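Go ahead and model the full structure; you've got the sequences and the hints to work with.
Protein chains in written order, with the working numbering: chain A, 35 to 201; chain B, 35 to 201; chain C, 35 to 201; chain D, 35 to 201.
Since the hints were made in silico from the structure, they are not lab data.
These numbers were taken from a predicted model, which means no experiment stands behind them.
Certain hints may be false.
Intra- or inter-copy, both count: the list cannot distinguish identical chains.
[As the list claims (entries may be wrong)] Okay, derived cross-link-like pairs now, SDA-like style, lysine to any residue, Cα gap no bigger than 20 Å in a straight line:
1) 174 - 162
2) 86 - 55
3) 84 - 177
4) 174 - 149
There are 4 protein chains.
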Amino acid sequence: MVIAVIGDSSCSPKEVKLSETVGELLAQRGAILICGGLGGVMEAVCRGAKSKGGLTVGILPGQDSSMANPWVDVPVVTGIGEARNVAVVKSAQAVIAIGGSYGTLSEIAYALKSNIPVIGLNTWSLSRIGQEDDPIIRVKSAAEAVDKAISLARSPKNHEIASLRSQ
Amino acid sequence: MVIAVIGDSSCSPKEVKLSETVGELLAQRGAILICGGLGGVMEAVCRGAKSKGGLTVGILPGQDSSMANPWVDVPVVTGIGEARNVAVVKSAQAVIAIGGSYGTLSEIAYALKSNIPVIGLNTWSLSRIGQEDDPIIRVKSAAEAVDKAISLARSPKNHEIASLRSQ
Amino acid sequence: MVIAVIGDSSCSPKEVKLSETVGELLAQRGAILICGGLGGVMEAVCRGAKSKGGLTVGILPGQDSSMANPWVDVPVVTGIGEARNVAVVKSAQAVIAIGGSYGTLSEIAYALKSNIPVIGLNTWSLSRIGQEDDPIIRVKSAAEAVDKAISLARSPKNHEIASLRSQ
Amino acid sequence: MVIAVIGDSSCSPKEVKLSETVGELLAQRGAILICGGLGGVMEAVCRGAKSKGGLTVGILPGQDSSMANPWVDVPVVTGIGEARNVAVVKSAQAVIAIGGSYGTLSEIAYALKSNIPVIGLNTWSLSRIGQEDDPIIRVKSAAEAVDKAISLARSPKNHEIASLRSQ
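Right, here's the structure in full:
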């Protein structure tokens with residue numbers, strides 16, 4: 035199972051703590067963590083995952099791995115800039131968004147377009163005229179976010195991917 | 035001057051009319067129109083622009099130009115799928131969003147990240163916790179959208195690009 | 035009809051002259067010119083095309099249009115770096131390669147993979163073990179390159195694309 | 035240390051055997067294997083690596099992980115088609131090419147452009163007019179390919195990346 039965690043490269047101390055806990059819990063549940071590989075939320079969630087022996091993948095925007103945070107096990111150097119945001123979310127069976135700015139917003143949009151569930155911790159609110167439902171699943175804590183992400187990643191709807199990944 | 039118009043490949047008759055008018059006005063003002071090159075809003079805006087002798091560019095997601103609408107003069111075949119959304123907005127000095135679904139939302143996010151002004155006609159509402167301002171410039175009519183887009187594309191802030199393009 | 039011209043951003047005076055002539059001839063034959071938008075061969079071919087009233091499209095690798103040469107009419111800002119090489123060739127019905135380094139080689143490879151004919155002027159030689167034929171159509175002059183590119187772009191094999199583009 | 039292995043999705047039985055051995059040896063030397071994630075050479079090298087407990091990463095071109103071969107541990111779903119070839123090679127400190135068709139040729143070109151060493155087993159020959167040296171390091175066996183790749187990945191020239199990856 036692969037879970038993406040998305041968020042800004044600059045974030046508050048509270049978001050750092052939250053991200054770290056999300057990383058720890060994902061690792062304890064056996065999920066592979068995928069993220070954008072840079073600082074802020076991405077660094078904190080990788081550090082958390084590594085502290086519990088998880089595997090971390092960073093999908094980097096630049097031309098080499100020099101910008102990867104030190105807790106990325108597998109730096110994927112895309113060279114495609116912000117277009118790499120597509121790959122971050124498409125590689126995951128569920129996405130956890132923590133805070134975030136416009137880059138995170140583009141990732142939320144891509145995930146929703148691909149029918150990948152998005153769990154939100156203090157992140158963007160979206161609304162479209164003529165549409166009532168909030169497409170983001172709102173949660174209040176790191177534990178709730180991880181529970182939700184893992185249960186949705188394993189749900190029948192995402193079964194074919196889940197079975198492939200768990201081989 | 036290059037203006038991007040973004041919106042869904044399936045849209046309401048009202049949005050078709052709106053898009054067509056936006057296309058006509060952009061052509062009359064001498065702007066090059068860039069869009070995703072497919073149907074719906076993209077097709078209507080290209081048709082409008084061509085009816086007034088404008089130049090239309092379609093940044094296509096697929097592997098060939100077979101999906102291009104018939105009013106695209108320059109089909110750019112990217113082969114990179116939805117990641118092409120980045121190129122649609124980065125190529126423009128201002129973006130007009132008409133309605134739209136998640137693809138459009140990703141384009142709005144990318145434009146705002148690149149400090150390219152986004153003018154909205156009945157499109158997404160965004161809000162982030164702790165942030166009051168609406169980053170989208172809301173307008174009510176095609177004429178207002180085009181006026182705003184052209185004046186912002188020519189503003190000092192975007193001067194260096196504008197001067198290059200108008201050579 | 036869209037023809038791509040590929041080659042290095044640094045090139046010899048002889049290649050500049052050759053590229054300029056190719057650009058002039060393509061414009062005179064009514065082809066839209068697509069290229070990588072930068073200097074060297076790309077700049078010379080755009081300058082040639084503009085001198086004869088042609089339309090030039092530059093598929094740029096960077097984050098803005100500041101690197102576009104001054105003869106690009108439509109700067110497409112991809113933001114995806116060298117991955118934009120795919121879009122340069124996929125957008126064309128035939129490709130003319132003039133000299134070139136590794137970037138050009140990647141474009142030749144992408145064109146051949148997509149069954150887009152590649153006409154070579156003093157460019158790479160390729161051979162694979164167990165394969166005799168040269169996949170590149172070798173020519174000796176700008177006139178021959180343009181003739182070959184236009185006739186292949188119009189050949190029955192590429193008919194469906196040609197008909198679409200000539201609308 | 036990350037080593038990329040590139041080659042075609044359809045290949046000869048001899049290439050399958052060669053790829054499998056390369057995968058085994060890379061895993062025994064502790065390298066992370068990165069590849070395009072599909073069949074043929076990519077599948078054989080992943081199977082070899084897994085048989086010796088290695089870690090395998092597949093950079094997939096499509097929209098989901100359904101095309102990944104069963105020996106890919108970390109499927110990265112890029113959604114960008116053949117433009118993903120850039121990411122395969124840029125993520126590695128050295129590249130081993132086994133046979134290969136045009137996709138492989140584009141990867142060789144991208145690697146050489148980025149100054150990433152390419153070790154060739156029965157792969158493309160390239161030559162440019164006015165240039166004598168073969169830019170590909172030719173080897174005769176899987177063992178020689180892996181030795182060369184690992185020693186070049188660790189050479190001073192690539193030191194800064196090597197040190198980062200081996201943390």
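Numbers of the earlier hints that this structure fails to satisfy, in rising order:
4
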